[in-house]
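Number of protein chains: 2
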Amino acid sequence: MDSSFRKIAVIGSGAVGGFYGSLLAKSGCEVSFLIHSDFEKISKQGLKIESIWGDFGVLPLSKGRVNQDKISNPNYKNSYQAYFVNDSKDFGSDVDTILICLKSTENKQLAYLLQAFQDISHQKKLQIVLIQNGIGQELFIHELLPFAKVFAGLAFLCSVKKSPHCIQHIDYGELTLAESQPDQTACGIGSELKDLGNLFQKAGIPVNLEDDLILARWKKLFWNIPFNGLSVLLNAETDQIVQNQDSLTLVRDLMAEVQLAAKAEGRLIPTSFLEDRVKRTFSMKPYPTSMKLDYENGRAMELDAIYRSVLKRAQSSNTSLPNIKFLLHALEYLEKNKSIDKK
Amino acid sequence: MDSSFRKIAVIGSGAVGGFYGSLLAKSGCEVSFLIHSDFEKISKQGLKIESIWGDFGVLPLSKGRVNQDKISNPNYKNSYQAYFVNDSKDFGSDVDTILICLKSTENKQLAYLLQAFQDISHQKKLQIVLIQNGIGQELFIHELLPFAKVFAGLAFLCSVKKSPHCIQHIDYGELTLAESQPDQTACGIGSELKDLGNLFQKAGIPVNLEDDLILARWKKLFWNIPFNGLSVLLNAETDQIVQNQDSLTLVRDLMAEVQLAAKAEGRLIPTSFLEDRVKRTFSMKPYPTSMKLDYENGRAMELDAIYRSVLKRAQSSNTSLPNIKFLLHALEYLEKNKSIDKK
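Protein sequence lines correspond, in order, to chains A and W.
Going by the numbering used here, the first sequence opens with residue 1081, and the numbers climb by one from there.
Going by the numbering used here, the second sequence opens with residue 1081, and the numbers climb by one from there.
Simulated from the structure, these hints should not be mistaken for laboratory data.
One thing to keep in mind: the hints can contain errors.
Unchecked claim - Dumping the calculated DSS-like pairs for lysine-lysine here, alpha-carbon to alpha-carbon at most 25 Å:
1) Lys1365/W - Lys1241/W
2) Lys1416/W - Lys1359/A
3) Lys1229/A - Lys1157/A
4) Lys1157/A - Lys1241/A
5) Lys1418/A - Lys1418/W
6) Lys1299/A - Lys1359/A
7) Lys1365/W - Lys1418/A
8) Lys1359/W - Lys1416/A
9) Lys1087/A - Lys1121/A
10) Lys1418/W - Lys1242/W
11) Lys1229/A - Lys1188/A
12) Lys1416/W - Lys1365/A
13) Lys1418/A - Lys1241/A
14) Lys1205/W - Lys1169/W
15) Lys1169/A - Lys1121/A
16) Lys1121/W - Lys1205/W
17) Lys1204/W - Lys1169/W
18) Lys1229/A - Lys1169/A
19) Lys1183/W - Lys1416/A
20) Lys1365/A - Lys1418/W
21) Lys1204/W - Lys1274/W
Note that the coordinates shown come from a computational prediction; the quantities given were computed from them, not determined experimentally.
Working from the sequences, and respecting the hints, build out all of it.
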């Protein structure tokens, strides 16, 4: 597959998918965004990206309309174009790459959303890139589209939706990419992964390729497991968590359990990595985690992807993770109680 | 020592000591309350008790003034009398019983407060009754007054200070009494303990005598360890905690650790006791725990008596209590962060 031009379908066009998809459109790919809510508005106005890397707009393109120069919108200084569809059946059969950036809490929708690609995936090599937190969700994609090549992206990105059609990219943006195998073994850095890396890099996104997806996932969980949950439970930002000795002890205890769980899957992560994550958080700009934002805005928290999946995997190897279990139960209580409050 | 008349010094004249001390004054004992803040006001007006067992007042008595009938206060329907002192040196040498109802967070004051009794405790059999949450604080009393007899009271009481001189008794009131030994062994129910029980019972307080203080303390911790901490961490009342499956799991996990820690000290508590505590909480009137009230009002939480003491005792037997440790660290974070908020 050519690394410089692709026909990309974006499923989950929010603060992550809307941002990366727009950068790919800007770099010359043919991008189609699936939009559910606010389709009327976005299909007319397109998306606006306010990024620390430069602002730009992505204007709506109609199938058949080719002269991109004719379209401009005075609201956007630099404008590019993309398709906006309301149903995954409208993506069209020429798609070669699917970027899935749904929040993991929405994964139940994928069985329906990927139906449209079932025939295509038999005819040609479809590539899927799943950008999500957590661990193990790729298995579901392998089941749904067994003939597709599955890659996973781990985003280190701070972006928010400012309004239905405006995404603000606040900080970071690096993407770690790795290939996924149904048996979850490491499969190295092949030419397809390299091409995929080039695609994102050409779009201005810093890319890091990893030969073992599961190891990369565990490494990301080293940060997500303590900081996402504790930020909700202690109503704290990341800087407050690392600056207090007691919460820092909780961070270290939780990280040590992630280390144990990773080890049970043959992924040895040294304790120096743990300390490095702590140090990096000290020097990070303080910000509320995505889970804290979800909780405060009454959205579902990614408890399945980040916590339940880890406990389930650890159970199969009889690895005891009491701190992670405690944190999950407390978060479950808070989630249920929050929704009671809202009733 | 006569069970029906005693000269009692009350140290810690708050919602617990003020209530029990006033009942003892009402029953005919000579009670002296140590009052620090609001001494001017209370030494003139006395204490007002608004109790589900009946309202009454305790009016100030001056040393030397004996005709109690002359004193009355139109604010109190039923009035009794007691002394109010501002310094423990003013208790006088005829005291035979010291009721200590300080919050455990104030125990550092005891070294000074009990100095006044050091000579007396050599001359006669002084009895100390320590009514506090937690475990092991009696050891400090044994050290300070090695010649005194030490008893401990575990209060199952719901009372609050409505104003500096008014205590509201909302619910319950039962007192479990046991004798304390410096080596923390069980010492049975002797005649002195029985007399003490009669003293409180005569004052209208339901009393339960136990032959093993440490076992009684562990049994009380079965409730205090989960419900005090979780009520703060989850911002929940007791009914919310038992009605949610996730927080109930946390309760059971924490109780199982208390069971383990008790077992390490030779106190076997059956799992049926654990379930009984859960069931009793289901049928209890929902109320915020004392720790939640402390936290919300910016007062120190009893983390030493309820959590650190337990972890310390468990450490000496290499008993691992990860859930209790997690809860303590989270509470420590919240306590420090709360005081930062208040600055």
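- Message: Which constraints among the numbered hints does this structure fail? Numbers only, ascending.
- Response: The structure conflicts with hints 3, 16 and 19, although it agrees with all the remaining ones.
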